[in-house]
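**Student:** Sequence:
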Amino acid sequence: MAQGLKRTTLNNILIAVSILLIVLLTATAPKESEVALPSPPKLDISVWNTDSGSKVWFSPMFSDHVQIQLWYEAGFGFDDERKGISYLLSRALQDELQQAGITAQVHHTSDYIQVAVQLPAQPERLNAQLARLSEILYRPDLAQEKIQQYKAVTSKASDELWKQAYPEHPYAGPAQGDQTSLGLITRAELQQFQRHYLHPQRLHASIAGDLVLPAAQIIMEKLLPDSRYAAAETNLLVNQESSVIKKANVEFHRLVPALTVEEQLDLRMFAHVLGQMPGQKVRLYMGKSNASLLIQNPVYRDEAMEDWLESGIMPREKRKLGKTLFEQTSTAARLAYNLAKHNTFDHTAMAFQQSFDQLQDWDEKRFKRLTEKWLTNQ
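Here the working numbering is used: the first residue of the sequence shown is -19, the next is one more, and so on.
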């Protein structure tokens, strides 16, 4: 019996010690709000201009492929009266690259036609695809029968919102044009647009892969020779006016553009946190002329937002966005995309570090300040 009593006493002591350790560890463990974000990955970024006038960002990264991003200032904001002409060109490029066996994705935005290309690392295959890629970019076929197929478009639900938010502004769209405007665009006009807007002097490019700098420079020079045509001189005017369109359960906020690294991180973090509110959906469009914020089922004006912010969500959301920033450099494809994005805004090679530094200082006060600046006063 004495032995059983000793065993019980020992168990009780062990339990008490375990509880004490848990209490001590809990008390001394840093709160989530006190945990610093990890340091950003170190990147070896080089920036130069090609002989043909394109600005290129490069960073080496282990990869089985060479990743290239080509962002031409040729988005639908430059359509002028030919609504949909940049859309037709982006569709034609996508089809011709696919038919040539080149792994590529073409995206069409308010500011850019973006061409993301994955090329083989083996020299012979790389050179062959480089030559074909350059040929398509400078002299696409633009087959008449294909152009007619691309003109079969349908309107989008967001078209009317963009039109109302951006009256008398190139962002009004519609991005893909409409049946009337597309029907008036000829193949000759499409060729003219391609020659002057898909031009090396209107290009912001990037390259990432298992390469040394001289090799990357040779690749981009081969890809981007001089054009015999003059580059279009059209630029989008930066509009400093803010406004909001409210329809049913949707708000479309037109904001002044976020051009610096600090402004862009603020807008990204703000939209990210706003989008985490229960029941509320947020989409951010970041253009060079204006930024746009689409909010579905807006609840940010409710008193519930104050309680939600005070529940301690900010440290968690900072770490979520921090993870996203890390993932921007996790693969050669993602790195190339984000190098091109910083290139378009003329940021410095320290842009990634600056984003992490600013995110560390983000807090509820900053969110409330930006809410008042961007939403409450509209």
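For the record, the hints were derived by calculation from the structure and aren't laboratory data. Do not take every clue at face value.
[To be verified] Calculated pairs, PhoX-like style, for lysine-lysine (alpha carbon to alpha carbon, straight line, at most 25 angstroms): (1) Lys136 - Lys202; (2) Lys268 - Lys226; (3) Lys227 - Lys136.
**Student:** Please go over all the hints and tell whether each is borne out by the structure.
**Tutor:** Checked hints:
| no. | hint | in the structure |
| --- | --- | --- |
| 1 | Lys136 - Lys202 | violated, 39 angstroms |
| 2 | Lys268 - Lys226 | holds, 23 angstroms |
| 3 | Lys227 - Lys136 | holds, 16 angstroms |
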